[in-house]
Amino acid sequence: MENFYYTLIIPVILFFTFVFTGLLGRKFKPLFSGMVCTASIFISTALSWYTAYQYFFVQGKVDGAYKLINVFNLEWLRFNETLSIDIGILLDPISVMMLVVITTVSLMVHLYSLGYMKGDPGFSRYYAFLSLFTFSMLGLVLSVNIFMTYMFWELVGVSSYLLIGHYYDKPSAVSASKKAFIVTRFADLGFLIGILLLSAYAGSFDFNELTNPQGSAILQSASVTFMGLSAVTWALILIFIGCAGKSAMFPLHIWLPDAMEGPTPVSALIHAATMVVAGVYLIARLFPLYIFTSPQALEVVAYVGAFTSLFAAVIACTQTDIKRVLAFSTISQIGYMMVALGVSGYGGEEGLGYMASMFHLFTHAMFKALLFLGAGSIIHAIHTNEICDMGNLRKYMPVTHITFLIACLAIAGIPPLSGFFSKDEILVAVIEKNFFLFIVQYIVAGLTAFYMFRLYFIVFWNKEKKYEHEPHESPSIMLITLVFLAVCSAVAGFIPFSEFVTSDGLPFVTHIHMKVAVPTVTLAVIGILTAFFLYKKESTSPDKIKNSLGLIYRSAYRKFYIDEVYMFVTKKIIFNMISVPIAWFDRNVIDSSMNGIAAATNFISEKIKYLQSGQLQQYAFVMVAGMILIFLLTVYLITL
Amino acid sequence: MSETVFYILASFILIFSVLTVTSRKILRTAVYLLFVLLGTCGFYFAMEFNFLAAVQLTVYAGGIVVIIIFSIMLTSDLQDKLPAVKFKKIFFSLIAVLFGAAVCITTILSYEFPAMTTKVLDSSMRTIGLRLLGYQENGFVLPFEVISILLLAAMIGSIIIAKKADTEN
Amino acid sequence: MTEVVGIQHFMVLSTLMFFIGVYGFLTRKNLITILLSIELILNSVNINFVAFNKYLYPENLGGHFFAMFVIAVAATEVAVAIAIIISLYRKLKMIDVENVNEMKY
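Protein chains in written order, with our numbering: chain A, 1 to 640; chain B, 1 to 169; chain C, 1 to 105.
The set of hints was computed from the structure by calculation and includes no laboratory data. We treat Cβ as the ideally placed atom computed from N, Cα and C, and that holds for glycine. Keep in mind that the hints are not guaranteed to be accurate.
[What the hints assert, rightly or not] Label-pair ranges, simulated between beta-carbon atoms:
hint : chain 1 : residue 1 : chain 2 : residue 2 : range
1    : B       : Thr127    : C       : Leu92     : 47 to 53 Å
2    : B       : Ala153    : C       : Leu92     : 50 to 56 Å
3    : C       : Lys93     : A       : Leu633    : 18 to 24 Å
4    : B       : Leu152    : C       : Met103    : 44 to 50 Å
5    : A       : Ala598    : B       : Phe91     : 37 to 43 Å
6    : B       : Ile159    : A       : Val19     : 55 to 61 Å
7    : A       : Gly596    : C       : Tyr57     : 28 to 34 Å
8    : B       : Met125    : C       : Met103    : 20 to 26 Å
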């Protein structure tokens, strides 16, 4: 068996880089910190690719399947005979794939940020946090133990919080980071309870044990039921709540659009390519458990995913902030992945959905990172996020234009770009299981093409707007990353993904299903053409449509008032009904009882302080009298 | 010791004790205390603790009283009488004291002390010296050493306390 | 030595002396006279020690030695007390116990 101990270096080097730049960043020139971080992520990336090569091609299949490899497993905290928290590294097809995705996108973002963040006062801090984030994300995907996952899950949340709040002097960024942290933290509560429930009934924290179809965890866990569902189903639904929080599934998606307050490369790394797919990854990680013990939980996953993807796609059509459009697009695409997981079966062709989900995760990471970085390039050039202030930028930014177009085509699912292949697999998987969900996903595919090209045409074509200064193409370091990602987005679809990543490790061959692919591509083209006619040139027809849709448009524009609902629930209901009485109770009962004790003490001591007269003889008199009294008591009362 | 000697010495001691705590001439109080100490010394002689009596005479009557008289001379005007004590203070103190004395004396008188049984150890100088520096049973070398350290500490302490502070001009 | 004078005689004597000392301690105002009262108290204790030695444990010299140690302790106590009194006098120009109340509330 191949020795994979070097994989330990991949996350750990980033941790040391974080500590180094975080503590000493001020001592060096900012560019030096950036270079150190970029160098270490470069090493990580190289090692990840090497690991992938070793895992898939040198190590290869054992009995025709890719096996789980426990590189090492260090027992950290033991609770009882079966439960322990371990620290270790687990390699299997999805974790190796995630390694490659995370490090590659992270490397691109590191390089890109050298140009994008140039001159930012928090440059070293930014790079330190990027390293921390990448470290925790890698720790998350490599973890052997669900508790270790949880730890890194929280670390990822913290670093996301720190990076969203990078511009901490901007109130909107501060509140966005708080919102992201609180919403995900709230969801993580579900995750934690889910873990505890799961461990109580499945009897293990260990992924090896939990995901082994013949393991005791799966076989023994279905006994206890609660409200018609087994306890493990509840646990898995709770874990899905945690995943929904991280992956911005409805109704916990509200933090993601606001998280766009962070620097754009951060949005590309965290809020498009890596962290938000952690939920998908975790469900994929626990997939055997889901499929064998609670298909109901998977159904929940599928329906929530489908609803979210439709919901977010509709909102994305109306938004005018370039990054928010991309954010809702991300939510929608993650919804796709969830649906694919939700309808998937286990093993071989049955597991098409699983494989398609992972495939889409992979390709989506590439083209969504590219979209965000392209958007960052545009924002870098004209210093605004509003697409109304953009137009005809293709003249000024040819490279950005071409790469952005490639990404748009990829996400719209136009062959032969990567998005087409992964989306096609998903739709095939869905149509086999559930026709209703297929219709939803089919509509979403059309909407995706429409809103992406709406964005594209408004930004790069349309009428030229007045710019404060002539827009310029971004520095070459940024363009290199754009081109690299564009190439990845273009060709990633040709990877025979089902050879590598499948639900049970056994490879199978996928085909393009014409009966699904043709209508989907047709719909995408229709979406693109609609966008072309509406937004290619400045016209009044979009406004007319807007007005004719009226209420629907407005509510979609206001994101279906979900934020308002949250505000209503928290401010009006929770604050007024619960917090205010509790605060009143705290202030008037608890505080005043404490104050009363203090006041009484004060009062009494004020009264009795004169006993401390400083008169020696008074003290002596009291002492003598007391002595005589005690003497009397002991000698005459007690002994008698 | 005959009863007569006891009563003479006891009344001598008590009278001068009372005078010590009531006299309004401060130097006289010191002298009355000296008499009390001398009376106590007489008891020690009568009980044949000659060495202890000598110590009482030299250290107490000789040393301590002389220090006290010196300090009186340093701090008080010998012509002045001490101010009279408030009646209230005397009254309450007397009640406490008389009551305490009554309680103690009744307790003492109601208690049967066991009769002496064992042989009497002579209190010659030789025995005292051996016992005081002995480290076997009934030896007192440890308290002896502790007391010597205490004396040293007290000496240094009183010098430090009583010497003029450097800031004072 | 006749047996008519028993230990109780000495104990009553020392009790009276003790309480006379306490009375002095409670009523006197001058710090030096208070110190004298303390000496009375210590002396009464000494008498007790010696009497116990004489009448109850004549085979040892424990009470005797304790009386000696008490005398030594009294000497040190007087030395330190006089030092304190003198430094107080230097500061306040008088040694009335009622005015030495800087440690009050």
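Verification of the hints:
| no. | hint | result |
| --- | --- | --- |
| 1 | B:Thr127 <-> C:Leu92: 47 to 53 Å | holds (49 Å) |
| 2 | B:Ala153 <-> C:Leu92: 50 to 56 Å | violated (26 Å) |
| 3 | C:Lys93 <-> A:Leu633: 18 to 24 Å | violated (45 Å) |
| 4 | B:Leu152 <-> C:Met103: 44 to 50 Å | violated (28 Å) |
| 5 | A:Ala598 <-> B:Phe91: 37 to 43 Å | holds (41 Å) |
| 6 | B:Ile159 <-> A:Val19: 55 to 61 Å | holds (59 Å) |
| 7 | A:Gly596 <-> C:Tyr57: 28 to 34 Å | violated (60 Å) |
| 8 | B:Met125 <-> C:Met103: 20 to 26 Å | violated (47 Å) |
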